[in-house]
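Colleague: Taken in order, these protein sequences are the chains called A and B.
Numbering (our numbering) for the first sequence: 387 to 675.
Numbering (our numbering) for the second sequence: 2 to 549.
Worth flagging that the hints you see were computed from the coordinates, not collected in a lab.
Check the hints yourself; a few may be wrong.
Facing chain B, a subset of chain A residues (Cβ under 7 Å, in silico) [unchecked claim]:
1. PRO398
2. ASN423
3. SER425
4. MET469
5. SER496
6. ALA498
7. LEU529
8. PHE573
9. VAL580
10. HIS599
Output of the computed footprint for chain B on chain A, the stretches with three or more beta carbons under 8 Å from beta carbons of chain B [what the hints assert, rightly or not]:
11. 402-414
12. 460-466
13. 519-525
14. 563-569
15. 608-620
16. 643-649
A short, non-exhaustive set of chain A residues, derived as facing chain B with CB atoms under 8 Å [as the list claims (entries may be wrong)]:
17. TYR395
18. PRO429
19. PHE490
20. ALA492
21. GLY502
The beta-carbon is built from N, C-alpha and C at its ideal position, and this holds for glycine as well.
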Amino acid sequence: MAHIADDTYYVPHGTKWPIIGSLGMITMLSSAAFWVNGSEIAPWSFLLGALILIYMMFGWFGEVIRESEAGMYNDQVDTSFRMGMMWFIFSEVMFFACFFGALFYARMFSVAWLGGEGTGALTNELLWQGYEAVWPTAGPEGLGGDFKTVPAFGVPFINTLILLFSGLTVTLAHHALKKNERGRLVFWLFATVVLGFFFVFLQVEEYIEAYQHLGLTLGSGIYGSTFFMLTGFHGMHVTLGAIMLLVIAIRSMRGHFKPDHHFGFEAVAWYWHFVDVVWLGLFIFVYVY
Amino acid sequence: MSIESTHSHEDHTHAADHDDHHDHKPSSLLDRWLFTTNHKDIGTLYLVFSLLMFFIGGSMAMVIRAELFMPGLQLVEPDFFNQMTTMHALIMVFGAVMPAWVGFANWMIPMMIGAPDMALPRMNNWSFWILPFAFAMLLSTLFMDSGGPAAGWTLYPPLSLQSGQNFAFVVFAVHMMGISSIMGSINVIATILNMRAPGMTLLKMPLFVWTWLITAFLLIAVMPVLAGAVTMLLTDHFFGTSFFNAAGGGDPVMFQHIFWFFGHPEVYIMILPAFGVVSEIIPTFARKPLFGYSAMVYATASIAFLSFIVWAHHMFTVGMPLTGELFFMYATMLIAVPTGVKVFNWVSTMWRGSMTFETPMLFAIGFVVLFTIGGLSGLMLAIAAVDLQYHDTYFVVAHFHYVLVPGAVFALMAGAYYWLPKWTGRMYSEKWGKIHFWLSAISVNILFFPQHYLGLAGMPRRIPDYSTQFADFNMISSVGGFIFGASQLIFVGVIVHCVYKSRQTATGRVWEGAKGLEWILSSPPPYHSFNTPPVIDSTTMAHADESH
Ligand code: HEM
Ligand SMILES: [Cu+2]
Chain A
387 MAHIADDTYY VPHGTKWPII GSLGMITMLS SAAFWVNGSE IAPWSFLLGA
437 LILIYMMFGW FGEVIRESEA GMYNDQVDTS FRMGMMWFIF SEVMFFACFF
487 GALFYARMFS VAWLGGEGTG ALTNELLWQG YEAVWPTAGP EGLGGDFKTV
537 PAFGVPFINT LILLFSGLTV TLAHHALKKN ERGRLVFWLF ATVVLGFFFV
587 FLQVEEYIEA YQHLGLTLGS GIYGSTFFML TGFHGMHVTL GAIMLLVIAI
637 RSMRGHFKPD HHFGFEAVAW YWHFVDVVWL GLFIFVYVY
Chain B
2 MSIESTHSHE DHTHAADHDD HHDHKPSSLL DRWLFTTNHK DIGTLYLVFS
52 LLMFFIGGSM AMVIRAELFM PGLQLVEPDF FNQMTTMHAL IMVFGAVMPA
102 WVGFANWMIP MMIGAPDMAL PRMNNWSFWI LPFAFAMLLS TLFMDSGGPA
152 AGWTLYPPLS LQSGQNFAFV VFAVHMMGIS SIMGSINVIA TILNMRAPGM
202 TLLKMPLFVW TWLITAFLLI AVMPVLAGAV TMLLTDHFFG TSFFNAAGGG
252 DPVMFQHIFW FFGHPEVYIM ILPAFGVVSE IIPTFARKPL FGYSAMVYAT
302 ASIAFLSFIV WAHHMFTVGM PLTGELFFMY ATMLIAVPTG VKVFNWVSTM
352 WRGSMTFETP MLFAIGFVVL FTIGGLSGLM LAIAAVDLQY HDTYFVVAHF
402 HYVLVPGAVF ALMAGAYYWL PKWTGRMYSE KWGKIHFWLS AISVNILFFP
452 QHYLGLAGMP RRIPDYSTQF ADFNMISSVG GFIFGASQLI FVGVIVHCVY
502 KSRQTATGRV WEGAKGLEWI LSSPPPYHSF NTPPVIDSTT MAHADESH
């Protein structure tokens, strides 16, 4: 590094990116609200908002990367970034915890009670006599019609292997970076990216199968709700993670990152491991068990 | 742990930041406020914004109290009344109290720990600048055909799922507030853990810093859960999911569980920084170190921990299994222990102190007395068996207003008066500050105390009309409400006067008994707080147990 400011905590002076980000965010989210209310132009303004957000990210991250490559960040700044990323991932953990909580609550309590267990006897007797608590279920009224579930040891199992393997490849990339073996770094990173997108591809195939052949949709009662909400948000995170990995791979090709100074790389690797762990939870509690 | 931050000209050879160092504030308005990365300017933005929201939310409260002045429907339609209660709460919680605390955090934390600024200054700007858009979107729903949200700030389904057009806007506004809070909290944690001056060990930190550290943790833990909850509402409403629909195997009560898993820590998010501020102010004006500093820290941490396992005390009436009722009852009561420790320590700090009663101290003492009333009514509510009677009555309204208004809001006022001279370099009018305090303290009791009786007599909350037996207390309460509302205008007057007119300059120390790093800076402090980290001298710190 060109140690310009080793003992100075770099405080930027002014930035236009956040306000651009806010404009993008409000354009996107208010359009989303108009969209679900049936507006016809809203999809376009939604897209515009998304583009503004993407522009903001390029600009903002680009500025940070330039500053970092110019050696303006000392170790203390680096620590701030690390803490920022760690706590961000913690917030994501809690976001998923919310949906897992919904899944567990539904399976342990609401469905059982509807079936007449515990305090639910009267509901069962008066509203849905004869409803038997089973999982999977679309509820006492079988909302969304009959459906079949995705077998765990088909595509989901392959996807588990893919993600586990991608955790390995990203670690190999990290080792290569620490030894400053740039060729292997780029190779393993791209391998991880390919695995990530392959996961997403298989997930999409699985959704198509679910909708077209299994009768399993977002509207398939509580099973469909929890299934698609959990796997859907996870899939979005994998997509985002894969894009982040791609950016890191391209930056590596351009010679970014040093063996002892590569926060951006590590942040993305952490994120990828997080997505991986969430998937294991999904595989066990949504597909297998 | 941390590396010293010395600032010098040579350090900045980068093209982007050549000029505006040291004490030059950016000259154009846009640069100063829209693009700012300065913790003080961002703090000011937060504080001004929250004051604005306080008045918007406050006017809605005035509409509510005006309608409830007499039995019968006088002024507004029932549906509009419900919009007012819902919006009032959302705005006060997310727009007034929370951003105000973030504003204090921004202003004070770097100064209190000897840092040059917040750890992540660009993100700091974004945390703030999301808020005006979020609240513009939320408020805009009032002008839609459907009107604003009217199902209560708790957004319980199935009622909230019957909202019209406004629903998606409300959900997305809540998402934006969540994103803002999470980013703000990440910044606070990174600042506190990573930016302390050498020698500022964790157990030397001022209590305001401690309470905010724990608050930030709570925020990061629960805001995503709220985001998840409203997302499920959104999909239930628009995309056919059945999370909260029994016919599909879901359960509306599940929403309540998830909401209150967020909601109870949320009430501590609003009160923990208040505990911190009061713990700063009382030692200053009692001229004694805080009694039991480390006990205060541990009490705060225990409260935070317990706040995760008491949520269902909001749901004693939904038909939970008996074991659940009992568990949540006892766990809730347990919170009274660390809370009691705090109250005891504040009182002990004052014991035999040489006290003076400047406005910040008055508000702080008001806080201790009146917050405790709210805590005690909370204990009553925590008894599951009797909550069957109290739940959803005005008793609950009285309880949470005692903890929030003469609790959180009084602490905000106390903090504002306490640090205003530091921020502006000028003294506010002590006379008008005191008038503001006495009017507020008296009227807040006229406003909320009778609501205890109303609740015990059975008056339900969230209704625009009531049986004539409740008339007297309601009228008293409304009168108190109008006086309280009007008194807050004095606060604005005092601030405006202090900022623009006051000729009495403040010294760096401001209050003779004040201890802590913020007081060794000039008033107003330099644009960048501590360019070089200060030397930490135990005698300048606010508490006694520095022997760790
Ligand atoms: C000793 C401490 C406390 C105890 C034991 C306690 C207990 C309770 C209980 C049992 C309820 C539910 C009552 C019902 O709906 O039937 C409640 C409601 C509430 N509490 Fe507390 N509380 C305490 C402190 C606080 C604090 C510090 C705050 C905020 C600063 C707070 C804010 C609220 C709010 C906002 C509600 C009403 C929520 C709603 O239904 O909209 N409480 N409290
Ligand atoms: Cu609570």
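Colleague: Now tell me, hint by hint, if it's right for this structure.
Modeller: These are the hints, each one checked on the structure:
no.	hint	result
1	PRO398	holds, 5 Å
2	ASN423	holds, 5 Å
3	SER425	violated, 10 Å
4	MET469	holds, 4 Å
5	SER496	holds, 4 Å
6	ALA498	violated, 10 Å
7	LEU529	holds, 4 Å
8	PHE573	violated, 33 Å
9	VAL580	violated, 30 Å
10	HIS599	violated, 19 Å
11	402-414	holds (count 9)
12	460-466	holds (count 5)
13	519-525	holds (count 3)
14	563-569	violated (count 0)
15	608-620	holds (count 7)
16	643-649	violated (count 0)
17	TYR395	holds, 4 Å
18	PRO429	violated, 14 Å
19	PHE490	violated, 10 Å
20	ALA492	holds, 6 Å
21	GLY502	violated, 13 Å
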